[in-house]
Amino acid sequence: MFEISDINPELCTHIIYAFAGLNNESWTIKSLDPHLDIERDNYKNMIQLHKKNPNLKILLAIGGWNEGSQSYSVLASSPDHRSKFIDSVVKFLGEYHFNGFDLDWEYPGSRGGLPADKQNFVFLLKELKEAFKKSNYLLTAALSSNKATIDMAYDIPEISKYLDYIHVMAYDYHGTWNRKVLPNAPLKSEDGQSVVDTLTYLLNKGAPSNKIVLGLPMYGRTFILAHKLNSSKESPIGQTSISDGFKGPYTGENGFMGYNEICEELITNVQKWIIGWDDNSNTPYIINDDHVIMFDNPKSLKAKVEYAMSLNLSGVMIWSIDTDDFNGKCASLNNSLDLREKKYPLLRSINMVLSQIDNHNDLNNNNDSDNDKNNKNNNNTSSR
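Residue numbers (full-length UniProt numbering): 1 to 384.
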């Protein structure tokens, strides 16, 4: 079982505690699990990570997929509701000593929301930002990677004025809902649904590159083929799948497995799984009979981090830290880019790539005095 004590705070610049919720009667923020958050001191224990990394910023997130959209739509539509909500957020952040607030409304204008949500979301962010000035709280938001949702939900130039960071959830492009085996988070694709496509779209819409934080998945999507492949050399990509995938022993969600579950399965049943790589999407996969897992590993994450930094983005974030191999059970795979430590092979690989990019930039700066005029990338590593 993952505990806050398992977190190595030296591997992150920001950590986001997910999730708080919305009380749709009083229009105030609330803990979604008071027993864990407050009675068992999870909030307090999270803040204690500052002792190991004083520069760490710890934010509280509200929302998430399970919270839905309708209540947030009603909240954002009313100046009175917004005022009550914002007052409660400022008080909540102060009481539990968070450094900022991440708004994860999924999504304005959909799932019971209204077309007016797009403008009301701007109002909500503007008023939050104003209220945060006194305490200097960070304000961030998690945005969809889907282009149609982006158009419906976000006035990109306006929300960019008030957000310190824009967290792009560049995953869940595909899953069992497609009834086809497709990558969860392809770097590139021919169908316009990929990391490259999303980032290009957001930048073209006016999102500042130095505010964008690219989301990277610490999990994969599972599929069960409708028909088995003819040979072990045949790719599963694009093959028809049934409506349900399969689940892992810890997360217990059909169609989903954490990287820790995937790598442990590989080690336990290595003879059963065929390991493959899709060049078109830059994605690894494994196959066992009619079972397929599309996921990310250090190699695929390295390519995404390098691409993000080539665009001068602020950094990358991960979802979520508890599905990396936090116990170091899969060290025998030897696929981490940082073999100095067994735990957190994905997060450590990301840090290694960012460190190499930083060192390269420092070398260039030393060789060219004109570069002193340029701002250095923050290279944030945020964990959700």
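Among the hints, a few may not be true.
[Stated by the list, open to error] Here are the computed lysine-lysine pairs in the PhoX-like style, where the Cα-Cα straight-line distance is at most 20 Å:
(1) Lys84 x Lys57
(2) Lys147 x Lys211
(3) Lys129 x Lys211
(4) Lys133 x Lys180
(5) Lys343 x Lys329
(6) Lys91 x Lys126
(7) Lys84 x Lys44
(8) Lys211 x Lys57
(9) Lys57 x Lys147
(10) Lys57 x Lys133
(11) Lys272 x Lys233
(12) Lys147 x Lys205
(13) Lys91 x Lys118
(14) Lys272 x Lys302
(15) Lys211 x Lys133
(16) Lys126 x Lys180
(17) Lys91 x Lys147
(18) Lys134 x Lys91
[What the hints assert, rightly or not] Pair ranges (Cβ atoms, derived):
(19) Lys247 x Leu36: 16 to 24 Å
(20) Pro34 x Asn327: 40 to 48 Å
(21) Glu341 x Asn361: 23 to 31 Å
Hints are computed from structural coordinates only; laboratory data are not their basis.
The model shown is predicted, which means the values in this text are computed figures rather than measured ones.
In this text, a Cβ means the ideal position worked out from N, Cα and C, and glycines have one as well.
For this session: Compare the structure with the hints numbered earlier in the document and write down the numbers of the violated ones, lowest to highest.
Result: As far as the earlier hints go, 1, 4, 7, 9, 13, 14, 16, 17, 20 are violated by this structure, in ascending order.
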